[in-house]
Amino acid sequence: MVSVYDFEVKKTNGELLSLKEYEGKPLVIVNTASKCGFAPQFGGLQSLYEQYKEDGLMVLGFPCDQFNDQEFDTIDETTEFCQLNYGVSFPMMGKVIVNGDEADPLFNYLTTEKSGLLSKKIKWNFTKFLVDRDGHVVKRYAPQTNPAKLAEDVEKLL
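Residue numbers are given in numbering that gives the first Met the number 0: position 23 of the sequence shown equals residue 22, and the series is strictly consecutive.
Derived from the structure by calculation, the hints contain no laboratory data.
Please read these numbers as outputs of a predicted model, since none were measured by experiment.
Keep in mind that the hints are not guaranteed to be accurate.
Under the rule of at most 20 Å between Cα atoms (straight-line distance), these lysine to aspartate or glutamate pairs were calculated in the DMTMM-like manner [to be verified]:
id, residue 1, residue 2
1, K34, E7
2, K155, D64
3, K138, E154
4, K122, D133
5, K138, D64
6, K10, E22
7, K24, D64
8, K10, D64
9, K10, E76
10, K24, E154
11, K10, E20
12, K52, D75
13, K122, E112
14, K120, E151
15, K155, E53
Required output: the full structure, derived from the provided sequences and hints.
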């Protein structure tokens with residue numbers, strides 16, 4: 000059976016990272032955009048990460064420029080923005096496309112496993128996916144969902 004751990008993603012330096020590295024840990028996977036009105040959620044995601052990282056939680060941010068060009072041109076600008084403005088210390092990955100023919104395979108998998116309200120497509124930045132310790136997608140959260148609202152579901156997986 001396929002799981003999140005079967006995928007490789009690009010790190011900010013362009014190198015491939017096997018998600019097997021996070022095997023056995025619950026994950027929050029989120030498509031982000033620095034210039035989005037939901038960008039303050041970086042702070043909430045960081046708080047969630049800090050609260051539960053000792054218990055194994057990993058938050059993985061995937062910058063995406065697919066919705067109204069709301070991401071910086073370079074990944075260095077993105078990571079600097081996240082660190083300076085929100086203290087982000089959870090892993091940020093390379094830019095991804097989340098919908099369409101060129102969508103990243105991980106996001107194709109995530110959206111197939113958990114559809115949105117009316118569609119499997121990701122409708123906007125900061126769509127969040129919660130993955131259990133076995134690499135299975137257990138829940139999808141809308142962009143407007145405050146990261147603090149994930150805490151109860153995260154605790155069930157720890």
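Straight-line Cα separation of K122 and E112 no greater than 20 Å?
holds, 16 Å
Practice problem: Would you mind confirming whether the straight-line C-alpha gap from K10 to E20 stays at or under 20 Å? | Solution: The hint holds at about 13 Å.
**Q.** Hint consistency between K34 and E7 [alpha-carbon to alpha-carbon, up to 20 Å]
**A.** violated, 26 Å
| said: Hinted pair, alpha-carbon criterion (20 Å max): K120, E151. Please report holds or violated. | reply: violated, 25 Å
| message | For a C-alpha distance cap of 20 Å, please report whether K24 and E154 respect it. | response | OK: K24 and E154 at ~12 Å, within 20 Å.
Pairwise hint evaluation, D64 against K24, where the allowed Cα distance is 20 Å at most: violated, 28 Å
Has the given pair, K10 with D64, been kept, meaning a C-alpha gap of at most 20 Å?
Answer holds: K10 to D64 is near 16 Å, not above 20 Å.
- Item | Satisfaction of hint between D75 and K52, Cα-Cα up to 20 Å | violated, 24 Å
| message | Checking one constraint from the list: CA of K138 to CA of E154, max 20 Å. Satisfied? | response | Between K138 and E154 the Cα gap is close to 13 Å, so the pair holds against 20 Å.
- Query: Within a Cα-Cα threshold of 20 Å, do K10 and E22 meet the stated pairing?
  - Reply: Roughly 17 Å separates the two Cα atoms, so the pair holds.
Q: Compare the distance between the alpha carbons of K155 and D64 with 20 Å, and conclude whether the hinted pair is satisfied.
A: Violated. K155 to D64 sits at ~32 Å, over the 20 Å cutoff.
Assess, step by step, whether the Cα of K138 is no farther than 20 Å from the Cα of D64, and give holds or violated.
violated, 24 Å
This entry does not satisfy hints 1, 2, 4, 5, 7, 12, 14, going by the numbered hints stated previously.
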